[in-house]
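Novice: One-letter residues, chain by chain:
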Amino acid sequence: MRDYPSTAEMVVRQTRYQISYFFRVPVALFFTLILPLVMLVLFNALFGDDTVTIDGGEWSIRQFYTGGLAAYTAVSATYSNIGNMVPIRRDEGILKRWRSTPLPTWIYMVGLIGASVLIAFTGTILMLAMGYAVYDLSIVWAKMPAAFVTLLVGVASFAALGMALVSMIKTASSSAAVVNATILPLAFISDVFVATDQDSTLATIANLFPLKPFVNAFQDCFNPFVEAPAFALDKLAFVASWGVAGAVIAVKRFTWEPSGAAPRRGRRARQAAVDATA
Amino acid sequence: MAAIEVRDLHKYYGENHAVDGLSFHVEAGEVYALLGPNGAGKSTAVEILEGHRTATSGQVSVLGFDPAKVERDFRNRIGVVLQSSGVENEFTVREVIDLYASAYRSRRSMDDVLALTGLDAKADERVGSLSGGQRRRVDLALGIVGSPDLLFLDEPTTGFDPSARRLSWDLIEEMCAGGTTVLLTTHYLDEAEHLADRVGVMGDGRLLAEGTPASLIDGISGTLVSFQLPQGIEAVDAASIFSTVMGADVRVSGRLVEATVEHSTRVVHRLTGWAVSHDMELMSLSVTRASLEDVYLQLTTGGEPADA
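Line order of the protein sequences matches chains A and B. With numbering that gives the first Met the number 0, the residue at position 14 of the first sequence is 13, and numbering never jumps. With numbering that gives the first Met the number 0, the residue at position 96 of the second sequence is 95, and numbering never jumps.
Isolated chain A (complex conformation):
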């Protein structure tokens, strides 16, 4: 009998599998990578050379949008993508099938999360490259280490929050609604599409959630009024604490089977089971 494949080999294989899975589902590909690029094109066509006044001065709106949309792409690739796709695979029984094999379950998770992190980086880099090539995005290289670290903290946290969301979504038919209901309204008050007044009530509300701090921390790396190295440590710590909370919920509540397969808890559910067999 051969040995099991090495851990590295399995991690690479699972990650590759999850990435090619992603690229073969057109809807995931469109909403995660293509739609944010379309928005960049549209915003530039609509607002072109406008400026925006936040955080210490007046700066080009392109600089603002490109950073915001790049951060949003990273959230789409992790939080939204995981929240949309994993419940579908759970309902289809694909997760249960993997759990029947000798593949360690943590390697499946590493492949799944690793793939979405790589897709997030790809999407973000694509966005910045397009901004740089087509829309005069100015990149200050001294601030790029901060951009990289911010992105890393952001995608890790939003991937964990995506997994936590999966554990709370009962069926795949509700996943798209739950994902969008939790992220879209928040995006509108989190400086992704529109700049908000930092002293407004909306900004105060948005600052309770991790999206705005992440978007702002990433935008800082492209804000001409923020000096290099542009690390926003307080914001990153806040985002990371949300990520840790998400990871705790995900580890505690994640299931490999559709919720219909496991009997629900509670007296009413038990009574229903008794009635059904009577």
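There may be inaccurate statements among the hints.
The following label-pair restraints were derived from C-beta to C-beta distances [unchecked claim]:
1) B:A1 x A:F253: 46 to 52 Å
2) B:E124 x A:L34: 28 to 34 Å
3) B:E4 x A:L207: 54 to 60 Å
4) B:G178 x A:S258: 35 to 41 Å
5) B:D160 x A:R1: 33 to 39 Å
6) B:G158 x A:R15: 55 to 61 Å
7) A:I204 x B:E124: 47 to 53 Å
8) A:S19 x B:R104: 22 to 28 Å
Computed list of chain A residues with no C-beta within reach of chain B, every gap over 12 Å [claimed, not checked]:
9) M9
10) A44
11) G47
12) I87
13) M108
14) A227
15) V247
Which stretches of chain B does chain A cover? Using the computed rule of at least three CB atoms under 8 Å from a CB of chain A, they are [what the hints assert, rightly or not]:
16) 79-88
17) 93-106
Hints in this document: simulated from the structure, not taken from any laboratory. Yeah, the Cβ is synthetic: ideal placement off N, Cα and C, and Gly gets one too.
Place chain B on chain A using the hints.
Specialist: Frame of chain A, contents of chain B only:
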């Protein structure tokens, strides 16, 4: 050592006793079929043996492992064909076989798996484009890809056309010839009769009867006497009339009258004597040995007529 050893297994969901004192064992190399109606507890029991559920109480040993511990070496030695479980639709048959094979220590070769499951011609098609029966073959392929010592088959041929069914029976027989132990659940009695060395009939979470298909049939010691309801007798009266005539419990479904009897010669004599004296013709009169279906119906409906 037995491949599967189950003693006094219980699984409760609140007040609902899905498995309620189940005991049985399966020898290495044996094909064992669990038969039973929906809700009998077959799938729950099998899922406990696969390590997908934990038991409320009782002892379970599968290949010497405790499946509740979900050890990697345990999963490496079992193959699971789940009742309803998806496969990545966006991948080709070859890709999914290769992908799942990569999790195991002992892998069956791609050509082997494709040939055994009759999927050669479909190897490069996406799973999503296959028919229901072909997808079930992919399920089988993924079940055997790790050369398991023990294969769990949860209703493996549901939805198959007759030729696909024959093919998967052949496959299962071929697997067993190689020494693989099989635990099968099925609704199809002919499948159990064809494949299984031993059959366990389950109802209400426990075993109602167990044995080889032939011994089970012998066990109910009976002969089935059936005929078409003669003209002039209403279906509602038939049961009481023929119960008296034949001296046996009579079942009437549609125009068919049947009874499982101990002493068929005497019963047929009384029945035909009565028919002649009333100048009636008993169409399609037949006297046959009881089948596994009769055993099953008698056990799972508590001996009551199936249409009562």
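Novice: None of the hints should be skipped; say for each whether it holds.
Specialist: Outcome of the hint check:
1. B:A1 x A:F253: 46 to 52 Å: violated (35 Å)
2. B:E124 x A:L34: 28 to 34 Å: holds (31 Å)
3. B:E4 x A:L207: 54 to 60 Å: At 56 Å between Cβs, range holds.
4. B:G178 x A:S258: 35 to 41 Å: holds (39 Å)
5. B:D160 x A:R1: 33 to 39 Å: At 37 Å between Cβs, range holds.
6. B:G158 x A:R15: 55 to 61 Å: Violated - the Cβ-Cβ distance for G158 of chain B and R15 of chain A, about 32 Å, lies outside 55 to 61 Å.
7. A:I204 x B:E124: 47 to 53 Å: At roughly 51 Å between Cβ atoms, E124 of chain B and I204 of chain A fall inside 47 to 53 Å, so the hint holds.
8. A:S19 x B:R104: 22 to 28 Å: Once the Cβ atoms are compared, 25 Å apart, the range 22 to 28 Å for R104 of chain B and S19 of chain A holds.
9. M9: violated (7 Å)
10. A44: holds (34 Å)
11. G47: holds (40 Å)
12. I87: At about 9 Å from chain B, I87 of chain A fails to clear the 12 Å cut-off, so the statement is violated.
13. M108: For M108 of chain A, whose nearest Cβ neighbour in chain B is about 14 Å away, the distance exceeds 12 Å, so it holds.
14. A227: holds (44 Å)
15. V247: Fine: 22 Å to the nearest Cβ keeps V247 of chain A off the interface.
16. 79-88: Since 7 is at least three, the answer is holds.
17. 93-106: Coverage by chain A holds for the segment 93-106 of chain B (8 residues, Cβ < 8 Å).
This entry does not satisfy hints 1, 6, 9 and 12, going by the numbered hints stated previously.
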